[in-house]
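Go by the hints and put chain B onto chain A.
Number of protein chains: 2
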Amino acid sequence: MGAATRYVELPPFKMRHGATLAAPRIAYETWGQLSPSGDNVVLIVTGLSPGSHASSSPEDPTSGWWEEMVGPGQAIDTERFHVVCVNSLGSCHGSTGPASVDPVTGRRYGVTFPVLTVEDIAKAAHQALQALGYAGLRAIVGPSLGGMTALAYALQFPEEVRSLVTISSAPRATPFAIALRSLQREMIRGDPEWQDGGYADGAGPVGGMRLARKLGLITYRSAREWKERFGRERSAVRGREGVFGPEFEIEAYLEMHAQKFVGSFDANCYLYLSRAMDLFDVAEHGGSVEAGLGRIKAERTLVVGVETDILFPLEQQQEIADVLKRHGRSVRFEALASIQGHDSFLVDMDRFQPVVSSFLADA
Amino acid sequence: MGAATRYVELPPFKMRHGATLAAPRIAYETWGQLSPSGDNVVLIVTGLSPGSHASSSPEDPTSGWWEEMVGPGQAIDTERFHVVCVNSLGSCHGSTGPASVDPVTGRRYGVTFPVLTVEDIAKAAHQALQALGYAGLRAIVGPSLGGMTALAYALQFPEEVRSLVTISSAPRATPFAIALRSLQREMIRGDPEWQDGGYADGAGPVGGMRLARKLGLITYRSAREWKERFGRERSAVRGREGVFGPEFEIEAYLEMHAQKFVGSFDANCYLYLSRAMDLFDVAEHGGSVEAGLGRIKAERTLVVGVETDILFPLEQQQEIADVLKRHGRSVRFEALASIQGHDSFLVDMDRFQPVVSSFLADA
Numbered sequence: 035m036g037a038a039t040r041y042v043e044l045p046p047f048k049m050r051h052g053a054t055l056a057a058p059r060i061a062y063e064t065w066g067q068l069s070p071s072g073d074n075v076v077l078i079v080t081g082l083s084p085g086s087h088a089s090s091s092p093e094d095p096t097s098g099w100w101e102e103m104v105g106p107g108q109a110i111d112t113e114r115f116h117v118v119c120v121n122s123l124g125s126c127h128g129s130t131g132p133a134s135v136d137p138v139t140g141r142r143y144g145v146t147f148p149v150l151t152v153e154d155i156a157k158a159a160h161q162a163l164q165a166l167g168y169a170g171l172r173a174i175v176g177p178s179l180g181g182m183t184a185l186a187y188a189l190q191f192p193e194e195v196r197s198l199v200t201i202s203s204a205p206r207a208t209p210f211a212i213a214l215r216s217l218q219r220e221m222i223r224g225d226p227e228w229q230d231g232g233y234a235d236g237a238g239p240v241g242g243m244r245l246a247r248k249l250g251l252i253t254y255r256s257a258r259e260w261k262e263r264f265g266r267e268r269s270a271v272r273g274r275e276g277v278f279g280p281e282f283e284i285e286a287y288l289e290m291h292a293q294k295f296v297g298s299f300d301a302n303c304y305l306y307l308s309r310a311m312d313l314f315d316v317a318e319h320g321g322s323v324e325a326g327l328g329r330i331k332a333e334r335t336l337v338v339g340v341e342t343d344i345l346f347p348l349e350q351q352q353e354i355a356d357v358l359k360r361h362g363r364s365v366r367f368e369a370l371a372s373i374q375g376h377d378s379f380l381v382d383m384d385r386f387q388p389v390v391s392s393f394l395a396d397a
Numbered sequence: 035m036g037a038a039t040r041y042v043e044l045p046p047f048k049m050r051h052g053a054t055l056a057a058p059r060i061a062y063e064t065w066g067q068l069s070p071s072g073d074n075v076v077l078i079v080t081g082l083s084p085g086s087h088a089s090s091s092p093e094d095p096t097s098g099w100w101e102e103m104v105g106p107g108q109a110i111d112t113e114r115f116h117v118v119c120v121n122s123l124g125s126c127h128g129s130t131g132p133a134s135v136d137p138v139t140g141r142r143y144g145v146t147f148p149v150l151t152v153e154d155i156a157k158a159a160h161q162a163l164q165a166l167g168y169a170g171l172r173a174i175v176g177p178s179l180g181g182m183t184a185l186a187y188a189l190q191f192p193e194e195v196r197s198l199v200t201i202s203s204a205p206r207a208t209p210f211a212i213a214l215r216s217l218q219r220e221m222i223r224g225d226p227e228w229q230d231g232g233y234a235d236g237a238g239p240v241g242g243m244r245l246a247r248k249l250g251l252i253t254y255r256s257a258r259e260w261k262e263r264f265g266r267e268r269s270a271v272r273g274r275e276g277v278f279g280p281e282f283e284i285e286a287y288l289e290m291h292a293q294k295f296v297g298s299f300d301a302n303c304y305l306y307l308s309r310a311m312d313l314f315d316v317a318e319h320g321g322s323v324e325a326g327l328g329r330i331k332a333e334r335t336l337v338v339g340v341e342t343d344i345l346f347p348l349e350q351q352q353e354i355a356d357v358l359k360r361h362g363r364s365v366r367f368e369a370l371a372s373i374q375g376h377d378s379f380l381v382d383m384d385r386f387q388p389v390v391s392s393f394l395a396d397a
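Which chain is which? The protein sequence lines are A and B, in order.
Heads up: the first sequence runs through residues 35 to 397, numbered per the working numbering.
Heads up: the second sequence runs through residues 35 to 397, numbered per the working numbering.
Just chain A, with the same shape it has in the complex (with noise of 0.2 Å):
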């Protein structure tokens, strides 16, 4: 966590599957002045891996995982927008979690953390606002899993949000998207060193979480791009590991990035979030998803995807946006053309920058 993180201690929280926890606290961080009456604030809730520092300041110089999108003058304006983002609840990045000490028994959650869902989530984010102060949402902005907690957050609190954004998310999981992530998950489960999610702090399942990253880095990203990046070129290290080391750059490049990744997450952690976006459904909330995101009351909401996603796929953004219109809701749709997958909103600023920053300008 880095210097201009701050916590948020929560009473006792009861989660949408009834267990408790105790003494929860949700870390945040903030950019921007929040204007006199309290109404320029603007919340975004993250994707599974990041934290709370989605941009640099001058408490925190280091570069954010959103770091070209979220400043002064940028599409999520500091200068006029009181900006905080919250790290989920359940993740590891200072929020309380599975990696974190239980008080009931003074030992790490684990696998004893209650079962996770993306309202819960919201719902802790939102007792955290609260805590702070904070009236209302002017927007609420969410990418990927963030995306779901978006929806969530309106459906369960539909007086307090103003402006809806979601960026390449789904009001409910595909049978595809839950493969893929069971799959994850199974790689960290049948790594020996997980020890039934019993490892040491600072040890876990390394080789498994390595390969789970690799197939998240497959999927997040887009055929396309990687033919157009590399084709068929051969790796520096070709031929040096035998026929079975890395032979093509692809191959290079995956293991770069999943170096990088390992150690950076908790395995529990990774194992819940996980879980958390297969077991989100709109539908829950109503009987359809059609009656679910018809709680939502937002006055405005834009629904962005992309064309090369193959997690989060377009159809499932144009859902979104055609079941809000066919309840009345003012939506803007915009299906991007990035060849980047499901991770453009990290990466493909000339596209998304526009859209965000024009989207918020009239919020």
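Don't take each hint at face value.
Some chain B residues well away from chain A (every beta-carbon gap over 10 Å; in silico) [said to hold, decoys possible]: (1) Val135; (2) Gln161; (3) Gly167; (4) Phe210; (5) Ala257; (6) Trp260; (7) Pro280; (8) Glu285; (9) Gln293; (10) Asp315; (11) Arg360; (12) Glu368.
Listed below are several chain A residues computed to face chain B (Cβ distance under 10 Å; list not exhaustive) [stated by the list, open to error]: (13) Met49; (14) His51; (15) Ala207; (16) Leu214; (17) Gly241; (18) Lys248; (19) Val277; (20) Phe278; (21) Pro280; (22) Glu283.
What the simulated footprint calls covered on chain A by chain B, stretch by stretch (three residues with Cβ under 8 Å from a Cβ of chain B suffice, anywhere in the stretch; the number is not a length) [what the hints assert, rightly or not]: (23) 217-225; (24) 258-266; (25) 309-315.
I should point out that these hints are in silico values taken from the structure, not numbers from a laboratory.
A virtual CB, placed ideally from N, CA and C, is assigned to each residue, including glycine.
Leaving out everything else, chain B in the frame of chain A:
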């Protein structure tokens, strides 16, 4: 190997990357009568996992892997053609491969088996047919890896192939497909039971093979099929193994199929055949895909692809067809709307039978 399996012993076999196999053999099976002039031979070359038992016969009444495609009156009509299906060099269904005993050392090859290429698989099949006295092929038919093998056969022995059928194949692997296969191999190699390739006969990396098979299943099918077939249906064993056990039907389906596969295929053979697909590149024959495919002299070619195939995408089928057409060849290109992805040729018989049948009717 079944009751109808036959074997051809080959003389010392020089492989593409230089090594020599001292005394390889090729397993095969045949259906239908050879014509007096020997001009009705149809060769089937296979995908990664099947053996030579493509269809049942009085001698072996068990169902073959392409039962509904090969037989009397079927698309590949055994009343008209003398059909031969060979088990690929490098496989473990009777042909020599990493699971075979090296006659030089008296021990199983394992990872001392030389680098295997698709060209080697095609050349070994060709030598087997020569040893059996066949003069040439009325047609060669190959799906998936078999399509690559068919291309490599037609490239290397251009005077011996009159009709060529490639199904859901590619002139060279994309980096996306390489990435997925590389990860599957890493799952197997990362399993301690792989023992650097030296596992005992009957043992091996069961956990790694199960993971690799699941990733195979996920990428061989399509997101659309699973959405229609499984949606968010819950599994019958939901909850029994906690939150990370099979909650959704798609997870139970993957587990069931993975269990069936493990034990039926040798891990080292899987590694070699998988890598051979990565390495295949028609452009190695003359400097470009254009030049490589230009060596094919087949009078007629049928290229079949499927819209939902993410592993051997339709654009690669289109490329084969377009290049052959530019070389003045007679080409029929069929883009099928099957929803079963890469595996469609095994299951969507309503679409595949008529296409293959009508092409071969004129052969």
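Inset, instruction - Check each numbered hint against the structure and report the violated ones by number, ascending. - result: Going through the list in order, the structure violates hints 4, 5, 6, 7, 8, 10, 13 and respects the others.
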